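Residue numbers (the numbering used here), protein chains in the order written: chain A, 1 to 241; chain B, 1 to 285; chain C, 1 to 607.
Certain hints may be false.
[Claimed, not checked] Taking lysine to aspartate or glutamate and the DMTMM-like style, the derived pairs with C-alpha atoms no more than 20 Å apart in a straight line are: (1) Lys17/A / Glu538/C; (2) Lys220/A / Glu538/C; (3) Lys220/A / Glu122/A; (4) Lys17/A / Asp500/C; (5) Lys17/A / Asp446/C; (6) Lys220/A / Glu542/C.
[Said to hold, decoys possible] Which residues of chain A face chain C? A few of them, derived with a C-beta cut under 7 Å, are: (7) His23; (8) Met40; (9) Gly42; (10) Gly172; (11) Thr191; (12) Asp193; (13) Gln201.
If you are wondering where the hints come from, they were derived from the structure by calculation, not from laboratory data.
Since the model is a prediction, treat every value here as computed from it, not as a measurement.
Heads up, the beta-carbon is just placed ideally off N, CA and C, and yes, glycines get one too.
Here is what each chain is made of, one letter per residue.
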Amino acid sequence: MSATVLEVRDVTVGYGKNEPVLHDISIVLAQGTILGVVGMNGAGKSTLMRTVAGMLTPRAGEVLFEGRRINGRHTAELARRGVVLLPEGHRVLRPLTVRENLRIATMSLAPRKVRKRVSEAEGLIYELFPILERRSSQLAGLMSGGEQQMLSIARAIMQRPKVLLLDEPSLGLAPRVIGEIYAALGRLRETADLAMLIVEQNSDRLAAHCEELVVLRDGKVSWVGPSRELNADRLHAAYFG
Amino acid sequence: MVAFLVTALSVAAVLTPIVASVSLVYRVSGVVNFGGGFIAVFGGIACAHWGSGWAGAVLTLVAGAVIGALCYFIAIVPARAFGVRGIGLTLSTLGFGLLLTFVTRTWFGGTAFTVRPWLAGSVDLAGFQTSQQRLLIIGLAIVVVLVLFAVFDWTLVGRRLSAVSYDAELASVYGIRGGRYQLLAWVVSGVCLVIGGMFEATIASVDVEVAPRLLVLSLVGAVIGGLTNLTGAIGGALVAAVATTISDQFVATGFQMTALLIVLSVVLLVRPNGLFSFRGTAERL
Amino acid sequence: MNLLTNQATRVVVRNLVAPVVLVLIGLACSGDGYLIHLATAAGVAYILTAAFNLVYGYAGIFNLAMVMIYGTGAFTSVYLESQLGWSFWLALPVSVVVTAVVSILVALPTRRLSELFFAIQTLTFALALAEILLHWTAFSGGTTALYDITSPTFAGQELIGGYPGYYWLVAVLVLVVFEIMRRIHRSAMGRKLTALREGPRVLAAVGVSPSATRLVAFGISGLCAGMAGVLYAHFQLVIDLGSFSFDSLVTLLLAMILGGAGYLYGPVVGVLAVVAMSEVSLATSGAQDLVTGLGILVLVAFTRGGIAGAIDRGVRALVRRRARADAELPAAEEGAPPVVPELRVLAERRADAQPRRMEVTSLTVRFGGNTAVDDVSLSFATGEVIGLIGPNGAGKTTLLNAITGDVPVVAGGVRLDGDEILGKRPQDIVRMGLGRTFQSPRIIPDLTVLQNVMLASDELGKAGWLRQVLQTPAAVRDDRVSRSTARQVLADLAIASRADQLAGDQPYGIQRLVEIARNLVLGPAFLLLDEPGAGLTEFEREEVAATIRTLSTHEIGVVLVDHNLPLIRAACDRVYVLDTGRLIADGPPEAVFAESNVISAYLGVPG
Chain A
1 MSATVLEVRD
11 VTVGYGKNEP
21 VLHDISIVLA
31 QGTILGVVGM
41 NGAGKSTLMR
51 TVAGMLTPRA
61 GEVLFEGRRI
71 NGRHTAELAR
81 RGVVLLPEGH
91 RVLRPLTVRE
101 NLRIATMSLA
111 PRKVRKRVSE
121 AEGLIYELFP
131 ILERRSSQLA
141 GLMSGGEQQM
151 LSIARAIMQR
161 PKVLLLDEPS
171 LGLAPRVIGE
181 IYAALGRLRE
191 TADLAMLIVE
201 QNSDRLAAHC
211 EELVVLRDGK
221 VSWVGPSREL
231 NADRLHAAYF
241 G
Chain B
1 MVAFLVTALS
11 VAAVLTPIVA
21 SVSLVYRVSG
31 VVNFGGGFIA
41 VFGGIACAHW
51 GSGWAGAVLT
61 LVAGAVIGAL
71 CYFIAIVPAR
81 AFGVRGIGLT
91 LSTLGFGLLL
101 TFVTRTWFGG
111 TAFTVRPWLA
121 GSVDLAGFQT
131 SQQRLLIIGL
141 AIVVVLVLFA
151 VFDWTLVGRR
161 LSAVSYDAEL
171 ASVYGIRGGR
181 YQLLAWVVSG
191 VCLVIGGMFE
201 ATIASVDVEV
211 APRLLVLSLV
221 GAVIGGLTNL
231 TGAIGGALVA
241 AVATTISDQF
251 VATGFQMTAL
261 LIVLSVVLLV
271 RPNGLFSFRG
281 TAERL
Chain C
1 MNLLTNQATR
11 VVVRNLVAPV
21 VLVLIGLACS
31 GDGYLIHLAT
41 AAGVAYILTA
51 AFNLVYGYAG
61 IFNLAMVMIY
71 GTGAFTSVYL
81 ESQLGWSFWL
91 ALPVSVVVTA
101 VVSILVALPT
111 RRLSELFFAI
121 QTLTFALALA
131 EILLHWTAFS
141 GGTTALYDIT
151 SPTFAGQELI
161 GGYPGYYWLV
171 AVLVLVVFEI
181 MRRIHRSAMG
191 RKLTALREGP
201 RVLAAVGVSP
211 SATRLVAFGI
221 SGLCAGMAGV
231 LYAHFQLVID
241 LGSFSFDSLV
251 TLLLAMILGG
261 AGYLYGPVVG
271 VLAVVAMSEV
281 SLATSGAQDL
291 VTGLGILVLV
301 AFTRGGIAGA
311 IDRGVRALVR
321 RRARADAELP
331 AAEEGAPPVV
341 PELRVLAERR
351 ADAQPRRMEV
361 TSLTVRFGGN
371 TAVDDVSLSF
381 ATGEVIGLIG
391 PNGAGKTTLL
401 NAITGDVPVV
411 AGGVRLDGDE
421 ILGKRPQDIV
431 RMGLGRTFQS
441 PRIIPDLTVL
451 QNVMLASDEL
461 GKAGWLRQVL
471 QTPAAVRDDR
481 VSRSTARQVL
491 ADLAIASRAD
501 QLAGDQPYGI
511 QRLVEIARNL
521 VLGPAFLLLD
531 EPGAGLTEFE
541 REEVAATIRT
551 LSTHEIGVVL
561 VDHNLPLIRA
571 ACDRVYVLDT
581 GRLIADGPPE
591 AVFAESNVIS
601 AYLGVPG
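Only chain A is shown next, with the shape it has when bound in the complex (with noise of 0.2 Å):
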């Protein structure tokens, strides 16, 4: 069993004086794996990755990263620290070039530093995505969604994250291109040595890359367990109840 580097204990969060959307979600990633978290719209799931990446403050529980509470941090101290975000519907800097969206990302002004850093990611990056290197004056607003993603996961690995969490990275994408994705998502586990938590709709693609999948049901787990023993019945359960 290696380290846990990332756990959520207890968490309940909540907008406004509404009822909460999550009631005491308590997951653990570990070291070097990725955790898969499915669910319909309106489960949670979005809130749960906010809440992690610092964007909400739980009402109860806590986040731990690397066994330190991080609960009410500020995003860009986490992102700092290794906890990085890739929010839903491939959001980057669209005004910004795709190098300059990786360069922003090496979190320094100093110039050689930022050097340094781009030059030491930039071959994982175009040997995952060669379409960046190609790309690398346009702006990202006038790439596709697809590109957008790329460069989304580019961006990340920029910034040396520890844990990486992507909010449905597959969401408004082809089904070639989140094949692209998650073929590179599994070569930068490969290569980085980082957990990941990640979000689906649809636990297609997702149960053959994860090892272990929690089911959201209504701000609650509904199922938890390795990926492999997900099957469509059970599935039907956690979703349906």
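With chain A fixed as given, assemble chains B and C onto it according to the hints.
Relative to the frame of chain A, chains B and C by itself:
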């Protein structure tokens, strides 16, 4: 024609830094600074008071930076902490502007001031006599614009500022601390405002009563420019300057605001997002 | 009986407060020239601030041209008297009409502007108007002041500004304006104006034209501002353009936010506070900017709704505490069967309602290059509940938006009983019998639950806007009917106990019911519900399902967009499945959920 060009350009030289400042702060903080005119006037009067040499000008620039930061900390940060948004924040900047006017009046008095031209004497341009100072501020305005372009387009700081202004939440995911860049935007904005004020004070007199006019000029310029980027700000300032100068020189003097109103109304009727807002370039659905 | 007389007394007392206060002030100040001057100035300031409160406080329109409209009133009356020899009593109404027209002229071209651009546009308008007046010296005196102002005479008595006689004139008009504001505050118009503050869509959703409501706000506020201007001119007996400068605008803003925008007593409190503050800063001359600036900064940051807002909140908290002590409401038990609402409000329409049919044919919606809805055809009839499901981004909400006229359509048609409804304005579509709710409930947080529903039931009344504003007997009758209709529907939906609480304080579930209630009042043939189950507990969702089933027994056709499949299964007769904008399946829920392409679109097949 030469007369028209020189006048319009010198008006644009005053307006460009002010409009750029309003638009910068709007993009990064989402606030239209109604204190802008007051800060510019402070700059003009302070410079007149502190001497027209380089020392006075530099001191004024520093003061501008400090005022920009103060405006952020006094008018924006507390109000935001209490959940104020939109027009509320704009009102708050107006409050800061009035506070600053009180300071201006107490320190320097309420009379009209002029800054002694940095370049004395006049030149003859194809039969049109104009002061060298006018030409100087046109040149200086171009320098200011180039510096702004250099900072915003070619440096990492500038790109991060664009990142924050495009999407502060996404920028924080990139590891960029938004608060620092907002402060930076307000500081740069304060400096730009006092530059505009100093320019105005070297070619005309400035007193606290001018502030609302400068405010409206800068707001209209910013709106025409579309509040999206520096190019838009320059475009907006030029359009506003040309409109006021045309009305002054070719229609009747003293109808600058009317000319502005006409231009603004036409622009907003045709393009409700401003003239220079090219949605297509970086935005795609 | 005792109760009745009590209530009657209360009404009489309430109606007498304002006149009595004004009379007492007049009597108390009559002996002192300075005090009567101050009281008159405050009266004029009240009328102006009340005008601004109507347009900004209620309707949320940040009209910075207000001070110049006020100035226009002053100059117009003086011009009519000195140049045309009119009497004050003729010049006053004519000037007021002029300013109302000017105000409406400001409103017309600015309909589509954002709040911010509107503020800048009106500020520019004000400065431009000032400039034009400056050059029209016959009208404004140009750079010099106008002294040629004759005081009005009444019953042979000259009413000179600064003397008690003039105070009484101002007091009467203050009373008139206050009474109008009080009536608007209570009326359907007041509710509509407050709704306008939250954007035009809410009004359109209850079948009201937002632009017409906006024009009423501009018209009345222009009228009152003009009246303030006329009074100001004859009070000061000397006016110049400087009196209507940016500084006056700032003072007006201060009075507004200090007193509390959108509250009936806001302008009263605000004007009193500003008068007090200017007395203070007069003592320390030159500190005007300091006092105003600090005042604005502190007020914006630390207060919601100024002094009137603070008082209002205090009273509400007190009432709530007392109510809680009175009766502990029994909370709905988890596990208990859901309450099946009985919709008495719809009872009469069940039997004789003609069946109606919606037909959507080959509808296509594009955003840029992205096809959000792709050649979708479907149809449904009254009395049917159909579900519209599909994964994220499938185009469900866009389809609803296209049907209700909220997004432009590239191709296709939407017919209601054979009539094309594409291209009609949202409020007209609502009036044709097609209601809808939104993903995040569009309620007016600052109105009570009851008032939110009344927005719709007001529309069943017959009184026009003028009668609503003046609260004529017909309008009062309409109001009473509207109130009881709204209460009825709230009772039907089992939320009557919350009727008098602010809608903004309610949890999501209640807000959704309020939205549904608002639609039911209008007696729709069809109701499109966008994710009514989102953010609700399982128990609340069962109640929603029960409510929807009840709607269909009342011959309402329901289109239900939701992600919650148990809810869909419980409520729907038929289901349409969308995926990436296309229709991929339809039929009874059980059959559709068994189809493999639906399952794979939704869940994927593990392995």
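To see whether the hints hold, each was checked on the structure:
1. Lys17/A / Glu538/C: Distance of about 18 Å is within 20 Å: holds.
2. Lys220/A / Glu538/C: Judged against 20 Å, a Cα distance of about 12 Å means the pair holds.
3. Lys220/A / Glu122/A: Not satisfied, since the Cα-Cα distance of roughly 40 Å exceeds 20 Å.
4. Lys17/A / Asp500/C: With Cα atoms ~19 Å apart, Lys17/A and Asp500/C stay inside 20 Å; holds.
5. Lys17/A / Asp446/C: holds, 16 Å
6. Lys220/A / Glu542/C: holds, 18 Å
7. His23: Given a least distance of 10 Å, the restraint on His23/A is violated.
8. Met40: holds, 5 Å
9. Gly42: Gly42/A check passes; min Cβ-Cβ to chain C is 5 Å, inside 7 Å.
10. Gly172: holds, 5 Å
11. Thr191: Violated, about 26 Å.
12. Asp193: Since the shortest Cβ distance to chain C is 28 Å, the answer is violated.
13. Gln201: Result: holds, 6 Å to nearest chain C Cβ.
Of the numbered hints given earlier, the model fails hints 3, 7, 11, 12; all others are met.
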